[in-house]
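Knowing the structure of chain E, use the given hints to seat chain B on it.
As given, the protein sequences belong to chains E and B, one line each in that order.
Here our numbering is used: the first residue of the first sequence is 5, the next is one more, and so on.
Here our numbering is used: the first residue of the second sequence is 5, the next is one more, and so on.
No lab work stands behind these hints, which were simulated from the structure alone.
Don't take each hint at face value.
Treat identical chains as interchangeable: a pair holds within one or across any two.
To be verified - Keeping only pairs whose Cα atoms sit at most 20 Å apart, straight-line, the calculated EDC-like set for lysine to aspartate or glutamate is:
#, residue 1, residue 2
1, K132, D202
2, K111, D148
3, K108, E137
4, K33, D163
5, K132, D37
6, K108, E140
7, K6, D37
8, K33, E167
9, K132, D101
10, K108, E57
11, K132, E72
2 protein chains.
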Amino acid sequence: MKTLGVLGGMGPAATVAFLARVQALTPAKGDEDHIRVVMDMNPQVPNRHTQPEAAGRTLGEMAVRLREAGAEVLAMPCNTAHAHAAAIRAAGLPFIDMVAETAKAAKTGGATRIGVLATPGGEALYAKALAAEGVEMVRLSEADRARFMTVVFGVKAGDVGLEQRAAMRELAAALVAAGAQGVIGGCTEVPLLLDTDDVVVPLTDSAEVLARVCVEACL
Amino acid sequence: MKTLGVLGGMGPAATVAFLARVQALTPAKGDEDHIRVVMDMNPQVPNRHTQPEAAGRTLGEMAVRLREAGAEVLAMPCNTAHAHAAAIRAAGLPFIDMVAETAKAAKTGGATRIGVLATPGGEALYAKALAAEGVEMVRLSEADRARFMTVVFGVKAGDVGLEQRAAMRELAAALVAAGAQGVIGGCTEVPLLLDTDDVVVPLTDSAEVLARVCVEACL
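So here's chain E without its partners, still in its complex pose:
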């Protein structure tokens, strides 16, 4: 069994939900069957949108500290921050690429056009990852992208209420209306608002995919 190192805090609630998923996906009859996790939940990572260089530096430092604390495999339950994957890999540990794994998982059902619910930074990463899988990406309109960010920042402020859930359902429906045969929850705040049943096409949740790959990598 390997020790999982988690770069967390982006956001904090999404990180906790991710840890719960890792446990739910681990076959366990008692404490000792679970994966050891060392985590740095750092909600003060510089803003990934406005201070990308500072964010990369901080994430690289976190990765080194996690290695020193015993981590053998690294994962980060934040899609947007994967823009700094190289800084994290510089610590010398295997880093599970949430975006690449999610793109691969979303393609499994045979969809050729996949919609993505993500931040602008996350969307750029998914554009590349889906292209590498030969899949066409369906994007939110400009107005819906702005709405998506409002909803995500609402979650970060603690609002996971019914209005927020309805907004996320509508955003997913907009992607389906634009031709998406599948939808990727490409932001770890998405599953805090959206369930599989809320979308009429298959929903691939990046946090769920990452948790599954982490369990496979560590057990």
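This is chain B only, laid out in the frame that chain E set:
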């Protein structure tokens, strides 16, 4: 703001629930308002009941690593493992004593006889902590104590179903029937099964108390 170091994994689900409570109790408008948490969730800490010496050694090592990873205050969401508080304090950081804080909180309402839902090891710690507060402790009967342990190990195996919840309610009711004016959920698995509404006297949940004191200590 201080960085919180969490010695976790005893059990894993209780640790995740504790992290969620810390967040819920933190006034936050966005990610950056939350407390940084470095955690070692180690479900392989040697058994606190059968291998106390090995457990103490491991917990001491975890505390040192958390200090090296940047922790400034330590907390451990497991009552039973507080038998090893001295080994943890040897790392040189302030360690929040969950048992002492919970005993103090339970006394606030003016109760003079308080029942404790805890493992045998946890019960021994609460006996001292409540005596220090001048409060009489009400214990489970031998048979109920065995039942309590069965329920706790069920939670650790992932069972938080209705039968488990009913059993925990009955155990709390047994303490009230034995004269308890208040009940302490003195095991971090308890709140995974028991809500305040489930007990007719005030329920003081040790995980909730620890989360509150951690937020006060770190903000």
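Against the structure, the hints:
no.: 1; hint: K132 with D202; verdict: neither (27 Å within a copy, 52 Å between copies)
no.: 2; hint: K111 with D148; verdict: neither (24 Å within a copy, 52 Å between copies)
no.: 3; hint: K108 with E137; verdict: within (7 Å within a copy, 59 Å between copies)
no.: 4; hint: K33 with D163; verdict: between (34 Å within a copy, 10 Å between copies)
no.: 5; hint: K132 with D37; verdict: neither (37 Å within a copy, 33 Å between copies)
no.: 6; hint: K108 with E140; verdict: within (13 Å within a copy, 60 Å between copies)
no.: 7; hint: K6 with D37; verdict: within (12 Å within a copy, 32 Å between copies)
no.: 8; hint: K33 with E167; verdict: between (39 Å within a copy, 18 Å between copies)
no.: 9; hint: K132 with D101; verdict: within (13 Å within a copy, 49 Å between copies)
no.: 10; hint: K108 with E57; verdict: neither (28 Å within a copy, 47 Å between copies)
no.: 11; hint: K132 with E72; verdict: neither (32 Å within a copy, 38 Å between copies)
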